[in-house]
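There are 2 protein chains.
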Amino acid sequence: MHKAIGVIDSGVGGLTVAQELMRQLPKERLIYLGDTQRCPYGPRSSTEVKKFTWEMVDFLLEKDIKMLIIACNTATAFTLHELKEKLSIPVIGVIEPGARAAINETVNSHIGVIGTEGTIQSHAYVKALQEINPDLHIQSQACPSFVPMVEQGCLSGKQVEEVVQNALLPMKGEMDTLILGCTHYPLIKNTIQRVMGNQVAIISSSEETAREASTILGFHHLLYKGEETPVHQFYSTGRIEVIAKITEGIFKEYVEHFDSVTIENAILRSLESK
Amino acid sequence: MHKAIGVIDSGVGGLTVAQELMRQLPKERLIYLGDTQRCPYGPRSSTEVKKFTWEMVDFLLEKDIKMLIIACNTATAFTLHELKEKLSIPVIGVIEPGARAAINETVNSHIGVIGTEGTIQSHAYVKALQEINPDLHIQSQACPSFVPMVEQGCLSGKQVEEVVQNALLPMKGEMDTLILGCTHYPLIKNTIQRVMGNQVAIISSSEETAREASTILGFHHLLYKGEETPVHQFYSTGRIEVIAKITEGIFKEYVEHFDSVTIENAILRSLESK
Numbered sequence: 062m063h064k065a066i067g068v069i070d071s072g073v074g075g076l077t078v079a080q081e082l083m084r085q086l087p088k089e090r091l092i093y094l095g096d097t098q099r100c101p102y103g104p105r106s107s108t109e110v111k112k113f114t115w116e117m118v119d120f121l122l123e124k125d126i127k128m129l130i131i132a133c134n135t136a137t138a139f140t141l142h143e144l145k146e147k148l149s150i151p152v153i154g155v156i157e158p159g160a161r162a163a164i165n166e167t168v169n170s171h172i173g174v175i176g177t178e179g180t181i182q183s184h185a186y187v188k189a190l191q192e193i194n195p196d197l198h199i200q201s202q203a204c205p206s207f208v209p210m211v212e213q214g215c216l217s218g219k220q221v222e223e224v225v226q227n228a229l230l231p232m233k234g235e236m237d238t239l240i241l242g243c244t245h246y247p248l249i250k251n252t253i254q255r256v257m258g259n260q261v262a263i264i265s266s267s268e269e270t271a272r273e274a275s276t277i278l279g280f281h282h283l284l285y286k287g288e289e290t291p292v293h294q295f296y297s298t299g300r301i302e303v304i305a306k307i308t309e310g311i312f313k314e315y316v317e318h319f320d321s322v323t324i325e326n327a328i329l330r331s332l333e334s335k
Numbered sequence: 062m063h064k065a066i067g068v069i070d071s072g073v074g075g076l077t078v079a080q081e082l083m084r085q086l087p088k089e090r091l092i093y094l095g096d097t098q099r100c101p102y103g104p105r106s107s108t109e110v111k112k113f114t115w116e117m118v119d120f121l122l123e124k125d126i127k128m129l130i131i132a133c134n135t136a137t138a139f140t141l142h143e144l145k146e147k148l149s150i151p152v153i154g155v156i157e158p159g160a161r162a163a164i165n166e167t168v169n170s171h172i173g174v175i176g177t178e179g180t181i182q183s184h185a186y187v188k189a190l191q192e193i194n195p196d197l198h199i200q201s202q203a204c205p206s207f208v209p210m211v212e213q214g215c216l217s218g219k220q221v222e223e224v225v226q227n228a229l230l231p232m233k234g235e236m237d238t239l240i241l242g243c244t245h246y247p248l249i250k251n252t253i254q255r256v257m258g259n260q261v262a263i264i265s266s267s268e269e270t271a272r273e274a275s276t277i278l279g280f281h282h283l284l285y286k287g288e289e290t291p292v293h294q295f296y297s298t299g300r301i302e303v304i305a306k307i308t309e310g311i312f313k314e315y316v317e318h319f320d321s322v323t324i325e326n327a328i329l330r331s332l333e334s335k
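One line per chain: the protein sequences are A and B, in this order.
Basically our numbering = 1-based index in the first sequence + 61.
Basically our numbering = 1-based index in the second sequence + 61.
These aren't lab readings, by the way, just hints derived from the structure by calculation.
A couple of the hints might just be wrong.
If chains are identical, the list can't say which one is meant, so a pair holds when it fits in one copy or spans any two.
[To be verified] Straight-line C-alpha distance at most 27 Å; calculated BS3-like pairs for lysine-lysine: (1) Lys124 - Lys306; (2) Lys306 - Lys145; (3) Lys145 - Lys64; (4) Lys188 - Lys219; (5) Lys111 - Lys64; (6) Lys188 - Lys124.
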């Protein structure tokens with residue numbers, strides 16, 4: 062079997078990155094690990110997020126992956142630099158791709174960012190954006206209510222509409238581009254777009270991360286060139302039901318892929334030993 | 062002075078890549094070389110295109126650039142592989158970025174590609190697209206009349222409308238995404254969009270190449286982190302007037318940059334010695 066792209070997330074949010082990888086790189090094989098048992102990462106300390114992320118990375122490294130995608134904004138904010146330095150395979154986070162796409166998209170240089178408390182407090186997006194263009198106007202806001210709602214599989218309807226309105230209506234203003242700085246948020250993108258209005262371009266860090274994974278794999282001659290149909294593997298540290306439910310929901314248009322998806326309720330070996 | 066990004070093109074088309082680099086990476090310094098004297102490359106043999114491209118590359122390498130962008134589709138089709146192999150700095154062509162963006166954009170998997178005879182006959186786009194997704198439907202067509210028109214500075218009006226209609230109307234059909242597989246074409250993008258209709262997404266290989274240059278520079282820690290305002294340099298192998306005219310036209314919204322642009326009518330040293 063050819064080498065896979067490893068994807069880690071605090072829970073189900075990274076599935077939106079997995080979905081985009083399947084769409085934009087349909088020949089590539091994925092191994093996904095969601096730390097659903099310890100989700101959300103947003104309110105956790107940097108030390109805890111680093112420890113959990115390394116446990117997930119060790120699990121995937123044993124499976125001989127060719128690239129690691131940190132499909133969680135909080136984990137990217139706290140560990141990307143360290144992981145890039147220590148691993149010999151390319152490592153991609155979800156923050157810089159969203160930042161670059163927003164810079165490409167904005168016309169009036171007013172960019173909004175929403176994410177978890179951890180991501181927003183880390184100022185990772187502000188840094189990534191201003192490192193490239195110091196003249197941008199950036200407005201950022203934590204939306205702590207979104208992830209727990211999505212992890213419960215609650216993706217549309219009146220409750221979602223209300224939660225999103227309460228969080229985002231006060232933000233509306235000059236921005237013409239809003240970065241969904243959390244991979245859970247694309248699962249409620251339609252509601253976010255409706256609340257912000259069509260004049261605001263919504264940037265999904267998931268879609269952009271898949272695009273950059275494609276760029277980096279291509280640049281380093283790591284794209285899979287064979288003919289094998291990929292068989293993806295999905296692991297969870299906790300109950301697999303939510304991953305299964307969301308997977309069925311978001312992958313339904315890729316039925317041929319969903320057929321070949323192996324969902325296993327794997328307990329991390331590193332956790333077992335505790 | 063900090064190291065620049067080198068950009069080469071057969072003429073003025075690469076200016077659309079330069080424009081996007083300035084917009085998406087406003088802190089980076091550019092050195093541009095357009096081979097206006099020997100433009101167009103489209104109808105030339107692979108041997109000739111390779112020879113001319115290497116002459117331009119040698120000129121820029123002497124200026125100690127940190128990245129090379131081959132901002133010409135024909136030159137990319139014939140030389141990217143070789144240049145990536147032989148140079149120690151990152152080399153980016155314009156074909157793969159456009160291909161990846163089209164794969165990201167298309168909903169119905171029907172993609173169109175237009176370019177010069179050289180680019181289309183090289184099948185470089187078809188290869189780049191199908192290497193990533195073999196199930197795409199791709200329709201490609203050479204538009205040999207576009208480059209000479211643009212090189213004359215003819216960018217809008219009745220003549221352009223007629224030429225574009227004659228070339229593209231027969232192509233209209235199932236495609237939902239059209240790649241402008243020549244960096245000259247973004248200069249007549251409005252006309253192309255009008256002829257194809259709003260239901261077709263137009264992918265500018267220039268915009269996407271700048272986006273990927275940003276990705277690769279970021280990934281390799283090569284982004285400029287200092288505070289110096291960049292002073293760009295533009296060189297031409299022939300008459301500078303067309304480059305000056307187009308530059309004034311397309312850079313007008315970046316007045317602060319245009320102020321600091323140095324346009325020099327440089328004759329390639331490697332050409333002088335002949």
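Hints versus structure:
1. Lys124 - Lys306: within (25 Å within a copy, 56 Å between copies)
2. Lys306 - Lys145: For Lys306 and Lys145, the Cα distance exceeds 27 Å both inside one copy (32 Å) and across copies (44 Å).
3. Lys145 - Lys64: both (19 Å within a copy, 24 Å between copies)
4. Lys188 - Lys219: This pair counts as neither: shortest intra-copy Cα distance 35 Å, inter-copy 47 Å.
5. Lys111 - Lys64: within (25 Å within a copy, 35 Å between copies)
6. Lys188 - Lys124: neither (33 Å within a copy, 30 Å between copies)
Violated hints for the displayed structure, listed by number in ascending order: 2, 4 and 6.
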